[in-house]
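Please construct the entire structure, taking both the sequences and the accompanying hints into account.
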Amino acid sequence: MSALISVDGLVKEFRKVKPHEGRLGSLRTLFTRRYEVNRAVDGVSFAIDEGELVGYLGPNGAGKSTTIKMMTGIVMPTGGTVRISGLDPWRERPCNAAQMGVVFGQRTQLWWDLPLRESFRLVGAIYGVSPADYRESLERFVDLLDLGEFIDRPVRQLSLGQRMRGDIAAAMLHRPRVVYLDEPTIGLDVVAKDRMRTFVEETSRAGETTIVLTTHDLADVERLCPRVILIDHGRVLYDGDVQGLKATYATHRELVVHLAPDESTGRTPAVRAADVLGAEIVSQEQGVARIRFEASRIAVQHLIASVNQNYPVRDLSIVEPDLEGVVRRIYSEGLTP
Amino acid sequence: MNRPFKESLSLYWTLQKAALRAETGYRFNFVLLVVMGIVYQGSGIAFVWVILSQFDSIGSWTFSDVAFLYSLRLLAHAVWIVPFNQVYALDELVREGRFDVYLLRPLNPLLQVITGRVRMNILGDVITAVTMFGFAVTAADVDWTPAKALYLVLAVLGGAAAEGAVVLLVSALSFRFLHTWSAHFLVDNVFLLFGSYPLHIFGTATTWILTWTVPVAFVAYVPASVLLGRTGDLSVSPVLAWAAPAIGFLWMYAAYRIWVRQMRHYQSTGT
Ligand SMILES: Nc1ncnc2c1ncn2[C@@H]1O[C@H](COP(=O)(O)OP(=O)(O)OP(=O)(O)O)[C@@H](O)[C@H]1O
Ligand SMILES: [Mg+2]
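Quick note, the sequences are listed as chains A and B, same order. Residue numbering for the first sequence follows UniProt numbering, starting at 1 and increasing by one per position. Residue numbering for the second sequence follows UniProt numbering, starting at 1 and increasing by one per position.
These are computed hints drawn from the structure, not numbers from a lab. Be aware that one or more of the hints could be misleading.
Said to hold, decoys possible - A few chain B positions that, by computed beta-carbon distances, are all more than 10 Å from chain A:
1) R21
2) S60
3) V101
4) L103
5) L107
6) L110
7) D143
8) K148
9) F185
10) S235
11) A254
12) S268
13) T271
Said to hold, decoys possible - Restraint-style ranges between C-beta atoms, simulated for each label pair:
14) G51/A / W13/B: 34 to 40 Å
15) E92/A / P4/B: 17 to 23 Å
16) D241/A / T14/B: 21 to 27 Å
17) A205/B / R117/A: 58 to 64 Å
18) K17/B / R140/A: 23 to 29 Å
Ideal Cβ placement from N, Cα and C applies to all residues, glycine included.
What follows is the structure, given as structure tokens:
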């Protein structure tokens, strides 16, 4: 079976008029146009199977939203192809749109001046949802997303978190086959985030809905996404599971040593650089030493043995790098594996 | 998902009613806009009436003939502007990226644009157009036959389509240029200034341009000439004059196709 979503060599260039400088610059700009080309998406390829939940990650301006806009048929690609269950999102817009649901955290799709309930009704009409299905879905969403309290209020009066929940319900009302969530947890408090995550998890569980999620909150990713695609400057840096991402990019571990006070002197000794086999002592405070080492260069059992031999140790632990740290390093240093 | 026309029409009503409800939520604004619309259009008409009544004839057309032409154009304009007024707001929708939403749903984007909002001040256009046409049609020297009555209905629709086509074409520029206000202003004024009077008074060159490059003549001048039995003044043949509504519809069809084609230049926004 071929993939549900296949993106192949996708490119999007934005052209911007480059203003002339100096005297009469704006007048010259008006008549002779020079363009500056910005390649927001630069040859992205990936394939996503039916039922997958994929985190699409990357720093600000990486090209995530632009990719999603091409997958949803908002903008036309400059080059390459996108196929969603065989459909070209731009040319076969109505068919593709009928089977997808989209939430842009930054922008609402609800009718601003009407009660939330009205928006649901209109969405139901546009997608031709049968009355029975409509009632059932609505009931489920009101329950899962706790919409009851504000469903009869005009959208313009809703708080950000309430509006976002309304938006996600509206996007799912027709039971789309593919769902794109572009920063659905932006600006939500911890409780609202949790509710949103549970909802996404629930939706994904049955395996009938394919979900592509972008977010800057890595807790979303750790909790939800078995697979991540990481891009920067419009190119794919990594495509695989979260464990693999850590293994590829974060090759260092941290040994945390809790030292006991010396029996004779009563003082807590400090770990010396000579005893850590060339690893780096990151910090040493109140009897806790953090030693960072490259797992491929230094065998952890040797390191532990050396520390044990030279110091009175109360406790030892090895800290795996967390996703946050990994991603921070990739974003800031532009690392390649 | 290709919808049958009937279904699209019922969706159109559903969305239009929703937009109306949204607008009437601001009741004070609603009333004020209707009143303003009437006052604005009414004062425009009063002005024209005063000017027109100073002349016995313009380009051999009598006062009542010109009034008929003038109000026929107003009527065609109203028939276009009532359902399609939101087309003027397209550049704003594009600039702010709000057009995104219309591309996400399995429903014609233009239909979503025009049902996005109801503007109450256009009620003023309608009321004044209908009132003035009511007066003008009784005063005008037309030998009414069933064929002419049918032609009148088609001419109003065709005239609406002819003006609408040009406005739609201008709005399609939004996808590339983001600001179209000044182009709309120009087009509106061309239709208002040249479309409301017997076109031949502006000379042959102008008449030719406003017949063959921009369909100003087909909005009201040509149909009014047919109805008033003045096809002799026209530069187009009587057969073509009777076909004026069809020309309006052809323009609209072509404009719509171009509009859809221009949509590919939509770039959305950065956020
Ligand atoms: N409509 C547009 N016109 C011009 N340039 C654009 C447009 N949309 C995006 N860009 C540019 O394309 C690049 C990618 O933008 P995009 O919105 O896809 O990033 P992103 O990965 O979603 O970032 P963020 O995490 O900040 O949302 C940026 O450099 C942006 O300035
Ligand atoms: Mg984005």
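* To do: Output the numbers, in ascending order, of every earlier hint that fails for this structure.
  => 1, 3, 4, 5, 12, 13 and 16
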